[in-house]
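**Q** From first to last, the protein sequence lines are chains A and B. Take 1 as the starting number for the first sequence in our numbering and just add one per residue. Take 1 as the starting number for the second sequence in our numbering and just add one per residue.
Worth double-checking, as some hints may not be accurate.
To be verified - Below are the DSS-like pairs computed for lysine-lysine, each with C-alpha atoms no more than 30 Å apart in a straight line:
(1) B:8 to B:272
(2) A:24 to B:131
(3) B:135 to A:49
Note that these hints are calculated values from the structure, not bench results.
So the chains spell out like this:
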Amino acid sequence: MGMRKITYKDASAEALLMAMEEDKNVFLIGEGADHINGIGGQCLPAIRKFPDRVIDTPLSENGLTGFCVGAALNGMRPVLIHQRDDFMLLAMDQMFNQAAQLRYASGGRHRVPLTILSFIARRPGEGVTHSHSLQSIFAHFPGIKVGMPATAMDAKGMLLRAIFDDDPVIILEHRHNPLYNREEYVPAEHYETSLSSRVVLLGDDITIVTISITLLDALKASYDFLLEKVIFPEIIDLRWLRPLNIEPIIQSVKKTGKLLVVDTGWKSCSISSEIVALVAEQAHGHLKCPPRRIALPDAPCPASQYLEPLYHPNSEMIIQAVEEMVK
Amino acid sequence: MSVNELLKLYFEMLRIRMVEERLTDWCNKKLVNAPVHLSIGQEAVAVGIMAALNPEDKIISGHRCHAHYLAKGGDLKKMFAEILGKATGCCKGKGGTMHLFDDEAGHVISAPLVAASISFGVGLALSFKMKGENKIAVVFLGDGAVEEGIFWESINFASVFHLPVLFVCENNLYATHSHILQRQPSENITERVRPHKVNAHRINDGNNVFLVREIAKAKVELVRKGQPCFIEACTYRLREHWGVGEDWDLGYRSREEGEKWMEKSPLKQAEKTFLNRISAPMLHSKIKKMEEAIKKEIDEAEEFAFNSPQPPKEDLLSEVG
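I would like the entire structure built from these sequences, with the hints used as guidance.
**A** Here it is, written out as C-alpha cells:
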C-alpha cells in the first residue's frame with residue numbers, strides 16, 4: 001500500500017476527489033463550494049478537476065437537501081456539504097422526514113445514496129450557531145447513518161464508505177486545529193472504513209469510549225500521564241453513532257468493569273447517554289463502579305476566548321475522572 | 001384536436017373520477033384504514049398536464065396524488081393494494097395512500113409533507129441536466145405549499161440554474177379549512193412567482209382540460225429549452241380535505257361556492273365542448289362504453305387488491321437502511 005503522511009483535512013479532500021474520479025454520478029454541492037474558499041479548501045482539488053460537478057449554491061439548506069434527494073432518485077451520488085453542522089438544523093425536514101425514510105416508505109424501492117458532509121467548527125469567537133456538536137440528534141433517526149472520523153485514516157475511509165453507500169450517511173468532521181491539520185499515514189488508494197468502532201489502545205483498567213476529537217484527548221491523557229501511573233485504559237474510538245457498534249464496548253467493560261464516555265456534545269439525551277444505557281442493559285453485573293461521562297456543560301457555546309476553552313472536554317478532565325474511578 | 005384525442009382526455013378524467021368513487025364506496029364500508037385525499041373536482045389539471053408530456057418525462061407529487069398517479073399511467077392494481085396496506089402495493093404497503101409512485105410510468109415519487117417533494121423535482125431536473133438526459137421534471141403542488149420556504153428555495157434554484165422543471169400549482173383555494181386570503185396576500189400566486197424569472201402563467205379555469213393541455217404544451221416546450229415554468233391552475237376540491245364525504249356543513253366554505261364549481265367541473269365542461277362537435281346520443285354511447293371499460297379495470301384491480309396477501313411480519317423492520 002502506498003502510504004503518505006497527509007492531514008485529516010487533505011485525507012477528506014482526497015476522498016472527495018477519488019470518489020468523483022471513480023464514479024461520474026458523484027457530485028459536490030454546497031454553500032461556499034467556490035473556487036476561492038472551496039469550503040475550507042476541501043473542495044478545491046475537486047473543483048480544479050471537475051468544475052462542472054461542484055455546485056456553489058444559494059443559501060437554501062433545506063432545499064439543497066431535497067434537490068440532492070431528487071438527484072439521488074435518478075442515480076446520482078450527491079455529496080452535500082454544510083460549512084457547519086449548526087446549519088444542518090435548517091435541513092432537518094428533508095434529512096429526516098424525507099431522505100432517511102424514503103427507502104422504508106417505498107418498501108425498499110427508493111434508494112437515496114446521499115452523503116451529507118459537515119463540520120464541527122470549534123474555535124474561539126464562533127459561539128452559538130457556529131460551533132456546536134449536534135451528532136446525537138442526528139443519530140436519533142432510523143434510516144440514516146452518522147459517522148465521526150477521529151483520524152486522517154478514517155476521514156478518508158469513512159467518507160468513501162459514505163459516498164458509495166446506497167443509503168443516506170452523515171459525516172461530521174472536526175475542524176479543531178489539533179485534529180484537522182494533524183498529519184498521519186494514509187493509504188493512497190481507495191479503501192472504506194468498516195461500520196464498526198475501533199479499539200485504539202488495549203488495557204485492563206478502564207474502558208474509555210471516545211467520540212470524534214476526544215480520541216486525541218484520551219490518548220494524550222494516557223501517554224502523558226496514565227500509563228506512567230501504571231493505569232492502563234482501553235480506548236475505543238466509536239467512529240459511527242449509527243449503526244452503533246456496541247459489542248466491542250460491552251466486551252471491554254466485561255474485562256475492565258469501568259466505563260468512561262467522552263463526547264463533544266451535550267450530555268442530556270445524547271450518544272453518551274445511549275452508550276451508558278446499553279452497557280447498563282447488557283453488562284450491568286460487570287460494572288465495578290458507576291459509569292461516568294465527560295461532555296459539554298448544559299449551556300450553549302460562549303464566543304469569548306476567555307470562556308470558550310473552559311467549555312470543551314480535555315485531557316485533564318479525563319485524567320481526573322480516570323484517577324477517581326480506578327482508585 | 002380531433003374528437004378522438006379529446007375523448008382520450010375525457011376518458012382519463014373519467015377513470016380518475018370512477019376510481020375515487022370506488023374508493024369512496026370502500027371508505028363508506030370501512031374497508032380502508034387510511035386518510036385518502038381525493039382529487040374529485042381537480043381531475044383536469046392532472047390530465048391536461050400529462051397530455052403535454054412525453055412518456056420519458058418524470059413527475060413528482062404530494063399527499064393528494066391519486067389523480068397524478070393515474071393520469072401518468074400508474075398501475076391501478078398497485079395503487080389499490082397500497083391503499084389497502086397489502087404486500088403487492090407499489091410501496092409493499094409501507095407507504096400508503098400518500099406515497100403512490102410508479103417508476104415505469106414515470107411517476108417517480110409522492111411525498112406527503114406539504115411542499116417537501118417540490119425540491120425532489122428540482123433535483124431530478126438537475127440530474128437530467130448533469131447527465132444530459134432529454135427529459136423534464138414536473139412537480140405538482142397545492143396553494144398551501146407556496147407558503148413554505150422550500151417552495152421559494154426551489155423556484156430560486158431552478159431559475160438560477162436554468163433547470164428543466166415545470167411547477168404545477170393546483171390552487172384550490174383552501175389549505176385544509178383555511179381560505180387562501182387568510183394565508184396569503186392575494187389569490188394570485190403567479191404574480192409572486194414571476195419576479196424570480198420563472199415563466200409563470202395563471203389558468204383561471206383550471207377545470208378546462210383542453211385549456212390546461214394547450215397552456216401546458218407551450219410551457220413544456222420552454223422547459224425543454226431550460227426555462228423553468230410555473231402553471232397556476234385554479235380549481236376546486238369538491239370533497240373534504242381528507243376522507244370521502246362532503247363538508248359544506250363545517251362552515252368554512254359555502255355550498256353556493258361549491259355549486260358554482262360543480263357546474264364548472266372538469267367532466268361537465270368537457271361534455272359541453274363535445275356537444276359542439278358530436279351529437280348527444282353519440283356522446284352518451286361513447287361515455288357508456290368508456291364507463292364499462294373502466295368499471296372492468298376497476299373490478300379487476302379491486303379483486304386483485306382484496307385478494308393480495310398482507311405484508312409479512314418481517315417487513316416491519318426491513319428496508320430501514
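**Q** Each hint: holds or not?
**A** Status of each hint after checking the structure:
For the given pair, residue 8 of chain B sits about 15 Å from residue 272 of chain B by alpha-carbon distance, which is consistent with the 30 Å threshold. Distance restraint check for residue 24 of chain A and residue 131 of chain B: the Cα-Cα separation of roughly 9 Å lies within the 30 Å cut-off, and the hinted pair is therefore satisfied. Between the alpha carbons of residue 135 of chain B and residue 49 of chain A the distance comes to roughly 27 Å, so the proposed pair stays at or under 30 Å and holds.
Checked against the numbered hints listed earlier, the structure breaks none of them; every hint is satisfied.
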